[in-house]
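There are 4 protein chains.
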Amino acid sequence: MIEETLEYKAQTRLLADAGRLFAERGWVPATAGNFSARLNDHQIVITVSGRHKGKLDESGFMVVDLDGNILSPGRKPSAETFLHIVMYRRDPAIGAVLHTHSVNATVLSRLFPAGLTLDAYEVLKAFPAITTHETSLAVPVFENTQDIPQLAAQVDDYMNRHPQLSGYLIGSHGLYTWGRTVEAAVQHIEAFEFLFECELLSRRLLP
Amino acid sequence: MIEETLEYKAQTRLLADAGRLFAERGWVPATAGNFSARLNDHQIVITVSGRHKGKLDESGFMVVDLDGNILSPGRKPSAETFLHIVMYRRDPAIGAVLHTHSVNATVLSRLFPAGLTLDAYEVLKAFPAITTHETSLAVPVFENTQDIPQLAAQVDDYMNRHPQLSGYLIGSHGLYTWGRTVEAAVQHIEAFEFLFECELLSRRLLP
Amino acid sequence: MIEETLEYKAQTRLLADAGRLFAERGWVPATAGNFSARLNDHQIVITVSGRHKGKLDESGFMVVDLDGNILSPGRKPSAETFLHIVMYRRDPAIGAVLHTHSVNATVLSRLFPAGLTLDAYEVLKAFPAITTHETSLAVPVFENTQDIPQLAAQVDDYMNRHPQLSGYLIGSHGLYTWGRTVEAAVQHIEAFEFLFECELLSRRLLP
Amino acid sequence: MIEETLEYKAQTRLLADAGRLFAERGWVPATAGNFSARLNDHQIVITVSGRHKGKLDESGFMVVDLDGNILSPGRKPSAETFLHIVMYRRDPAIGAVLHTHSVNATVLSRLFPAGLTLDAYEVLKAFPAITTHETSLAVPVFENTQDIPQLAAQVDDYMNRHPQLSGYLIGSHGLYTWGRTVEAAVQHIEAFEFLFECELLSRRLLP
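So the sequence lines, in the order shown, correspond to chains A, B, C and D. Sequential numbering from -15 applies to the first sequence in my numbering. Sequential numbering from -15 applies to the second sequence in my numbering. Sequential numbering from -15 applies to the third sequence in my numbering. Sequential numbering from -15 applies to the fourth sequence in my numbering.
Hints listed in this document are in silico derivations from the structure and should not be mistaken for laboratory results. Since we're looking at a predicted model, the values are computed, not measured. Treat each hint with caution, since some may be false.
Unchecked claim - Simulated coverage check for chain B against chain A, where a stretch passes if three residues somewhere in it have a Cβ under 8 Å from a Cβ of chain A:
{"#": "1", "stretch": "98 to 106"}
{"#": "2", "stretch": "109 to 119"}
{"#": "3", "stretch": "163 to 177"}
{"#": "4", "stretch": "180 to 189"}
Glycine is no exception: its CB is placed at the ideal position from the N, C-alpha and C atoms.
In isolation and in its complexed conformation, chain A is listed as follows (with noise of 0.2 Å):
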């Protein structure tokens, strides 16, 4: 079973690490966010639906294949799973997907309803695409909705036409990232607050 091999057993581990730093943080309130992690080419981790992602233990995740199939029976999948693997079927290089729900992603994404940009920061260089501080970032906000495959479809497309994309809002929801590993994930998810923590602040001080 692949819940008993080493690879499932390290993703699981570096997610639950993951949530508990999230939660710390405040960006998983309640039962909010969502991870995942590639475990072949075909099949992901995924966290269950209706968790608090502060204290995932090993009932607190399962296995999906890139078709949206359930692989670990009885368990119910994050309704935003498709969110998870349209980025997998985009890139083999994607090992995690991390979707966090911190109050300044959504008040963000609320008063900037037609996304954002981050402007000549040091911290976008933590990006795998970004190599000096002389640039700027688009983050797209995409409506929320309860239609999660009609909106992986839009983020697929927005995709094509933007393939350097490092993370996207929705609406009154939160952040979506990813990385080659969990760790760099991780890494995006406190690149993008720290960088959103910034904007807010200084337009708090701006006359």
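Starting from the structure of chain A, add chains B, C and D where the hints point.
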């Protein structure tokens, strides 16, 4: 003795854990806050008066029945015990009632004495009665008072007219919410505090 | 030797625990803050000068008497020792004096050099002299100075005229409060910091 | 080998502890920040490039000499190594150099590209050259650049003219400060971050 049952030990452990979490976040300053959980049809365990809620041990709890009788001789219940009892009497499905006292809840209750409305947030789905973000949640604010039985009657009357209530504020005083279990009620506290922070941050940013 | 008594060990342990709590919250940056507790009618234990208050061990404390004599040879007391002594001399019921140095206390003391008034908050009931939220608490701000004995005399004089004082601010410098025990004084610090945060947040939201 | 000396082990342990502290406070997001400590007259230990500074282990450090030669084969030093070396070369009493990257430092450096002045704060006494709060401390902001040796020369030149400098900001990038020991440098970070927070909060409150 009920204090020696597994149920009592399990519920007090969950309430003490909740207290530590809330204390780390600054939601139960000094001796603020009080927590309770149902033991059976007629009895609840509730925090005693005057303790710091981040350091609750066995001596920090006591049993009362749903008529307000003290079943732990020599212990003094929270002045606000009746605000807990009124909830357990209303609904046998309620298993826990939590009252926290955050800066955000306090400030919002002073700025919006007529109550507030939380609108179109994904996190609203953390509340049992809500299945879509395309909704809004009213949070009434009751005036603070030293007359707790009278306030309990007011809450009871309000809920007769608004049975879907998920929580309420008391002016300059804090938040009451509840759930089927202690864990569910903790998630409702997290969801409300998240939403309060979103509301306050949004208002600071608007011109 | 008094340093070997159970009383000394218990009081220094409580003060070190308080320091760790305050450091986690950012209320004792660098070497800011100082703490003391009563040992008997004539002696107190107080933090030595120049230590980080979040990492206090046995070497971080010393004994002085209420005339300011150093009873721990070779140790240098905090420059502000007389602000502690003045309180123990005034009132034999005072068992601990705590001085913290938070961002909020510092900023409030600069914005309101004439003092501030905390009005109608439930948390005011954390202070011993207050039994209802329907009251207000005056917090004076004393001008910062390098002349501590002169400042101590000013505080003493102020308290002769306002015996119900619960704590005070020093301009650009921080908060002094006290209590019957270390635990009570820690709760007063928490209550003041909570109220300072409420005041600052309210002022940011008002038009 | 120098990596096996007690001095090396002690310094790397202190730097790793500092990193954990800064990570908890959000001052080293993603892979931001870098830290060094002096080993002897000619050599320092410094963090390697690209690591998260909250989780530093033995593999996260390397030795360079004060000419910038790499003495740990196979390891890549931080791009900003020359900003560390310039300090150790200037002053044999400097034992540690720390660079953090907080939201507040980033935002202040963008709002005040000409530098800022910290005025009349008690916490200024945390810096060795300052013995009274009745003073002010200038914090210059250098423009961010990918050309670190050139920036190091600029800092060196500035310090020839302002030998009492306690720390500086780089635009959109963060804070550099130093001290006789790692512990002293950590306290200077705490003091600067405290003062940055005070300045930002004051500016939000002023009309």
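The hints, checked one at a time:
Counting residues of the stretch 98 to 106 of chain B whose C-beta lies closer than 8 Å to any C-beta of chain A gives 3; at least three are required, and the coverage claim holds. Given a C-beta distance limit of less than 8 Å, the hint that chain A covers the stretch 109 to 119 of chain B holds, as 4 residues qualify and 3 suffice. Counting residues of the stretch 163 to 177 of chain B whose beta carbon lies closer than 8 Å to any beta carbon of chain A gives 6, which reaches the threshold of three, so the coverage claim holds. Residues of the stretch 180 to 189 of chain B lying with their CB closer than 8 Å to a CB of chain A number 6, which satisfies the three-residue condition for coverage.
Hint violations for this structure: none, all hints satisfied.
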